[in-house]
Structure formats: C-alpha cells, structure tokens
Amino acid sequence: MRVEAKLLLGLGVFFGVMCAVYWNWSLENAGGVMMFAGMLLCFLPGGYYYFWSRRMKARPEDDPQATPAQGAGVVGAFPGTSIWPFTLGMGAFFSVLALVFGIWFLVPGLGLVFWAVLGGTSEGRRGGRV
Amino acid sequence: MTDVLERPLHLEEPDHHEHHGPSGLLKWLTTTDHKVIGLSYTVTSVILLVIGGAFAEIIRAQLASPNGTLVSLAQYNELFTMHGSVMIYLFAGPFAFGGLANIIVPIQVGAPDMAFPRLNALSYWLYLTGSITMLLGFFTAGGAANFGWVAYAPLSNSINTPGAGADLWIGGLLLTGFSAIFTGVNLVATIFYLRAPGMTMFRMPIFTWNMLVTAILILLAFPVLTAGLIMLYADRHFGTHIFSVAGGGVPVLWQHIFWFWGHPEVYILALPFFGMATEIFAVFSRKPVFGYKGMIFATITIAALSLGVWAHHMFTTGVVLLPFFSIMSLLIAVPTGIKIFNWIGTMWRGQVWFSTAMLMAIGFLVTFLVGGLTGVYLASPPLDFFTHDTYFVVAHFHSVVMALVLAGMGGLYYWGPKVTGYMLNERIGKIQFWFLFVGTQVFTMPLYLVGLRGMPRRMAIYPHDPQWKFLNDVSSLGAVLIGISTILFVVNLVVSWKKYPAGDNPWDAQTLEWFTTSPPPHHNFYRLPPIRSERPTWDYNHPEHHAVPHGQHVEPVLTTGESK
Numbered sequence: 001m002r003v004e005a006k007l008l009l010g011l012g013v014f015f016g017v018m019c020a021v022y023w024n025w026s027l028e029n030a031g032g033v034m035m036f037a038g039m040l041l042c043f044l045p046g047g048y049y050y051f052w053s054r055r056m057k058a059r060p061e062d063d064p065q066a067t068p069a070q071g072a073g074v075v076g077a078f079p080g081t082s083i084w085p086f087t088l089g090m091g092a093f094f095s096v097l098a099l100v101f102g103i104w105f106l107v108p109g110l111g112l113v114f115w116a117v118l119g120g121t122s123e124g125r126r127g128g129r130v
Numbered sequence: 001m002t003d004v005l006e007r008p009l010h011l012e013e014p015d016h017h018e019h020h021g022p023s024g025l026l027k028w029l030t031t032t033d034h035k036v037i038g039l040s041y042t043v044t045s046v047i048l049l050v051i052g053g054a055f056a057e058i059i060r061a062q063l064a065s066p067n068g069t070l071v072s073l074a075q076y077n078e079l080f081t082m083h084g085s086v087m088i089y090l091f092a093g094p095f096a097f098g099g100l101a102n103i104i105v106p107i108q109v110g111a112p113d114m115a116f117p118r119l120n121a122l123s124y125w126l127y128l129t130g131s132i133t134m135l136l137g138f139f140t141a142g143g144a145a146n147f148g149w150v151a152y153a154p155l156s157n158s159i160n161t162p163g164a165g166a167d168l169w170i171g172g173l174l175l176t177g178f179s180a181i182f183t184g185v186n187l188v189a190t191i192f193y194l195r196a197p198g199m200t201m202f203r204m205p206i207f208t209w210n211m212l213v214t215a216i217l218i219l220l221a222f223p224v225l226t227a228g229l230i231m232l233y234a235d236r237h238f239g240t241h242i243f244s245v246a247g248g249g250v251p252v253l254w255q256h257i258f259w260f261w262g263h264p265e266v267y268i269l270a271l272p273f274f275g276m277a278t279e280i281f282a283v284f285s286r287k288p289v290f291g292y293k294g295m296i297f298a299t300i301t302i303a304a305l306s307l308g309v310w311a312h313h314m315f316t317t318g319v320v321l322l323p324f325f326s327i328m329s330l331l332i333a334v335p336t337g338i339k340i341f342n343w344i345g346t347m348w349r350g351q352v353w354f355s356t357a358m359l360m361a362i363g364f365l366v367t368f369l370v371g372g373l374t375g376v377y378l379a380s381p382p383l384d385f386f387t388h389d390t391y392f393v394v395a396h397f398h399s400v401v402m403a404l405v406l407a408g409m410g411g412l413y414y415w416g417p418k419v420t421g422y423m424l425n426e427r428i429g430k431i432q433f434w435f436l437f438v439g440t441q442v443f444t445m446p447l448y449l450v451g452l453r454g455m456p457r458r459m460a461i462y463p464h465d466p467q468w469k470f471l472n473d474v475s476s477l478g479a480v481l482i483g484i485s486t487i488l489f490v491v492n493l494v495v496s497w498k499k500y501p502a503g504d505n506p507w508d509a510q511t512l513e514w515f516t517t518s519p520p521p522h523h524n525f526y527r528l529p530p531i532r533s534e535r536p537t538w539d540y541n542h543p544e545h546h547a548v549p550h551g552q553h554v555e556p557v558l559t560t561g562e563s564k
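Listed in order, the protein sequences are those of chains G and V.
When you line the first sequence up against the working numbering, it's residues 1 to 130, in that order.
When you line the second sequence up against the working numbering, it's residues 1 to 564, in that order.
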C-alpha cells in the first residue's frame, strides 16, 4: 500500500510544483487550472492510501515473503454473467444519438439506462457474499 | 450468477465446479470475463485498424498524382479526419488498454478477473457503440466529420462545419472517452487490490507497470477531453460562445483543452506498447529485464512530464510559453533514452531468439528511435515554426505510431498462443514483419523529405513539382507494402487456425500468465507458484536459476478453480 501511496503523492507533488512554475511564469489560466486539478486528483487517492498504509499491517501482496496460502480467504465477488452492462451501454448509445438525431431517442435511451440501473442493482443485492 | 472466490488455506484438491452459463451470442452479450471482453476489444480494434488503414490507402492513392481525382476535396477532408480519428481514438488505445491489457494484466498479477467485471463489460459496450456512432457519419447526408482529428475551433463550430457528421464524431468520442475512463479505474483497482500474495509492486511485470501508469494518465487526461467535447457541443447547439471570439470566447482555449488531453494521449498510446516490447525483449533474449527499476521510474517520469508539454503542439499560435514547453518536451527524451538503453541492455549478450515477436519488437525499437529523435527536433520552437503543418510532422508521428503497430503485432504473436491456445505460423509471420518494417520506412522517409521541401499537410492536390511527385509516389509504395503486410496477417490467422497447439509456455517465458493453461481457465489459475521475483514462472521452471531465498524451492500451492 505504501508504494501505491508514494506513487500517487509523488505525482501530485510534481504536478503541484509544475503548476506553480507554469502559472507564475505564463499567467495563462487554462493550463494552470488543469495542472492544479491533476494535482488534486493524485492527492485524493494518494492521501487515502497513505492514511491506511500507516494503520494496517502489510497485505500478503505487499509482503515479499508471502506464500499463496497467506492469501487464503474471500478474494471478491465476481459475476459470472450479466446482461446489465450491455443494457446500460445500449441506453448510453441511444442517449448520445439523441444529441444528433432528435430528442425522442432519449425515450429508449433513458428507458434502457433506468432499466439497467434497477436490474444491475438488484443483481448486485442477490449476488451473494463479498 | 455471482462466483464468490476463495483461496483455500491448505494444499488440497480444488472444488470441481464448471462454469455454467449461456453460450453463443448470449454469452458474448452477457460475459463479464476479462478474457472474453479483452478478446472482443482486440478483434474490434483490429477491424477498426483495417478500416482506418483502408482510409490511408485511399489517401495515398489520391496523392500518388498531383491532381488526383480518386476522391473529391470534401471526401478527402472526411478521409483524413476519420483516418486519424479511427487510428488514434478507436484503434491504438483500445487495442492496448482495452484489449491486451484487459486480458493480460489480471493474469500477470495473479488475479481471478478485473476488479469490476460488470464495469469492464460496460466499457466494451461503450467503446463499440462509440465507434459505431463515429463511423455513422459516413451514412449521413453531409458526410462524416471533416475538421481534422483535432477539431480546432472555430473550424469545428456549427457555421464552419454544420451537419450530423461532426455531432456524431463528438458523441462517439464521448462514449469512447467514458469507456477509457472506466477501463482506467478498473486497471488501477485490479493492480492495487487483486495482486497475488508475494506479488509486490516491484515484482510486477513491466507491462503491468506500464498499464498502471497508463491508467493513471487516462484518469488525469480523458475527463479534460470529455469536458471540452461538452463545451464544443454547447457552442454548436446551445448558443454558448466558449470558443468563439464573437461572443467573447477564446478559440485557443479549445487547443489548450484538447492538447492537455492530446499529449498525454500520445503516451497513453505508447506506454502499453513499450511494455509489450519490454516483455518480448526479455523473453526472447533469455534474460531478466535490464534495469528493471530504471524502466519503471522512466515510465513514471515520462507520464509525469507528458502532462506539462501540451502546448508544444501550439508553438505557432504565438500565445504559449515557448521556453517552458520546449524544456519540458526536451526533458522527455531523457527517460525515453533510458528505456532504449535498457532495451538494448536486455538483448546485450542474451541468447537472442529471432522469433516473429522479437523481430517485431526490434522493428519497433528502430522505428521508434526515428520517430522519437524527430520529435526532439519538433520540441525546438525555431525548427517547429519551420516544419509545423508540413509533412515532416506527419512523418514524425507516423514513425511513432507505426512503431507502436510493430510492437502491437509483436504482442499478438507473443500473447496470441496464451489467449487462444494455438500458435501463429512463424514463417508467414516473418514475411509479414519484413513487409511491415520495410513498408513503414518506405512510407515515412519520403514524407520527412517532402515536408522539409515545404509540402503542407491535409491537401488533396498539390503543384506538379517533380520532387514532390516522386517522394509521394515512393511513400504510396510504402503504404502498399504495409497493406500487403496486413493481408499477410489475415492469411496467417486463417492458415494457422487451430493448427499448431501452443502448450502452456511455448516461449519458456518468465511472468505469471505463462504459469497457467493456454487458454487460461475461468478465473485464470488452478494454482499459483511462490512469487519471489519479477519472473515467478521462470523461477519455478528453472530451479537451478531460482530467486527463492536461502536456496529453497517451494512447490506450487493450489488456489482456486478446478484441477487440470
């Protein structure tokens, strides 16, 4: 976890320094804002990982001497099949076509999105242990 | 149904559970298996490569004579716009981070699947529908988008580019952009949370490291493009004036937004292929990667610098900070040089096996060196002023992207046996390599020269200058050779179809994906070896060279899934 935290925080610090140099030197706002946002985007998860890396013991994947048996236990819940990603994708497709061919495309588009959200959520609730 | 996966505590026979599910078309529509999704990505992106390549062949045929009449001027604009768009947005990135990375990264880190399998499936459907949306423009009355793949404002506004084709281009990019962002989230979560015990960050294969850095770049860059596209659409249809001077907007703001995504995108495209080439160099030189940590830090440095160089594409606008962007752009040559040094170091004194994959990787190295060095020229504002918007720039980035195509082909020959369980024909592969490699050089080198002689980009006809004509003819010949290489690849797929069984580890390779079966089972592994270095499969198969501490060799431990 520490390497992950260092990677993201290091990138955030670099973007922060680059942002300060660029903004002060160029006085151009668009690039400065984008680099500042990039810095925040690195600090947010980086800070989270740093916080937890100091409070939890090394996971088996962070332990150079770990054996496969140390990773025993629940890995996660992995859906075997699901129709809802396809349904949601088609909903997004029709919704985007509404931008071009007419607002009526939103009827099937948002309908499919709504259906997929309901279906996917209920599938997740039925999905078993995590 | 949902499979809840557990790793058993002790050495024991795993449960015998077959994965029962739908078959045929319904299987494809409902799958959440990263390997099937990755294969779908790969097949779709290769089909789009052929479509984009066909556009390129038409372009080169048009330019074979100064006053070509194969296509109209308007059609030519559509062709070069859609050629660039298909190749950049729909082929190169999705092939790498949606296709091969989707298949390979979870297996390389010892994970049963991507962290969010349904989100992964959604990414593919957004990519497929986004690609269809963009190409639908050809079937509208006004034709496809024709403002270049960069859609500069104010050319891309509704007055200069009316019609549905441009809107479909924007809509398609929105869908594929979200697809890329979701894939980025998935890759980061998979690499951070689903690694096998002992697979520390500094034992991950270089390909996985490159994909991690690529995913972080995607998350930093793609939202900016998505926001820009929404602004562009609002300017076109909602009466806003974000990019138009008439309403108090700033046209060059689009360039800032576009290239803040666009230059990291170059590395979003390149880094996965760097990773593929690194794996191939090590395996076919029978050596570990030379300078493993150096390679990782070079990748991180390239990614970090790539977010501070966007305006080197805008030197000629006259409103950007030339020294800052020039210095930052030139600095990228340092970590890139480290990579090239390490690739050569990996081959140095190795037992080099000139398989098709290795030839493709060497072809990548040579071609990328040419593309990279000419990029250093373009990082210098005086040289860029001279060559900007000429064929020199076209030649530069075609050297780069054709190098990536070479590496990608190497990746297909290298990992194809793992994915399908069958080898491709090596003889046809080597012939394909020579057509592709020679064709690339014959295609790009004349473009450098015709660019230095002043020929501008994006023109369908040109003055009858004998030098321009000759150089364009040679370049078109190179495009024909590349086209033949693509046909040879298709021929190889047909000839080799289920003909040469691969076995689990036909290359005697090093990383974890070669420890499992070919193709891997549902949820990837029957068992895992102890992971004590960045090449656990090699350690297990070559105990005489193992990296297990204290000279101990540890038997593999059964994990999950069914027995062989």
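One or more hints might be untrue.
Distance ranges between label pairs, derived from CB positions [said to hold, decoys possible]:
#: 1; chain 1: G; residue 1: Lys-57; chain 2: V; residue 2: Phe-202; range: 14 to 20 Å
#: 2; chain 1: V; residue 1: Gly-294; chain 2: G; residue 2: Gly-47; range: 26 to 32 Å
#: 3; chain 1: V; residue 1: Val-319; chain 2: G; residue 2: Phe-114; range: 42 to 48 Å
#: 4; chain 1: G; residue 1: Gly-102; chain 2: V; residue 2: Val-43; range: 28 to 34 Å
Chain V side only, calculated, beta carbon under 8 Å to chain G, not exhaustive [to be verified]:
#: 5; residue: Leu-122
#: 6; residue: Leu-126
#: 7; residue: Pro-162
#: 8; residue: Ala-164
#: 9; residue: Ala-196
#: 10; residue: Gly-249
#: 11; residue: Leu-253
#: 12; residue: Phe-260
#: 13; residue: Leu-321
#: 14; residue: Phe-324
#: 15; residue: Gly-350
#: 16; residue: Val-352
#: 17; residue: Phe-386
#: 18; residue: His-523
#: 19; residue: Tyr-526
Chain V regions said to be covered by chain G (calculated; three or more residues, Cβ under 8 Å) [said to hold, decoys possible]:
#: 20; stretch: 62-76
#: 21; stretch: 299-310
#: 22; stretch: 332-340
Please keep in mind that the hints were generated in silico from the structure rather than gathered at the bench.
Note that CB positions come from ideal geometry on N, CA and C, so glycine has one too.
Verification of the hints:
no.: 1; hint: Lys-57/G with Phe-202/V: 14 to 20 Å; result: holds, 19 Å
no.: 2; hint: Gly-294/V with Gly-47/G: 26 to 32 Å; result: holds, 28 Å
no.: 3; hint: Val-319/V with Phe-114/G: 42 to 48 Å; result: holds, 46 Å
no.: 4; hint: Gly-102/G with Val-43/V: 28 to 34 Å; result: holds, 32 Å
no.: 5; hint: Leu-122; result: holds, 4 Å
no.: 6; hint: Leu-126; result: holds, 5 Å
no.: 7; hint: Pro-162; result: violated, 12 Å
no.: 8; hint: Ala-164; result: holds, 5 Å
no.: 9; hint: Ala-196; result: holds, 6 Å
no.: 10; hint: Gly-249; result: violated, 12 Å
no.: 11; hint: Leu-253; result: holds, 6 Å
no.: 12; hint: Phe-260; result: holds, 5 Å
no.: 13; hint: Leu-321; result: holds, 4 Å
no.: 14; hint: Phe-324; result: holds, 6 Å
no.: 15; hint: Gly-350; result: violated, 27 Å
no.: 16; hint: Val-352; result: violated, 31 Å
no.: 17; hint: Phe-386; result: violated, 24 Å
no.: 18; hint: His-523; result: holds, 7 Å
no.: 19; hint: Tyr-526; result: violated, 12 Å
no.: 20; hint: 62-76; result: violated (count 0)
no.: 21; hint: 299-310; result: holds (count 6)
no.: 22; hint: 332-340; result: violated (count 0)
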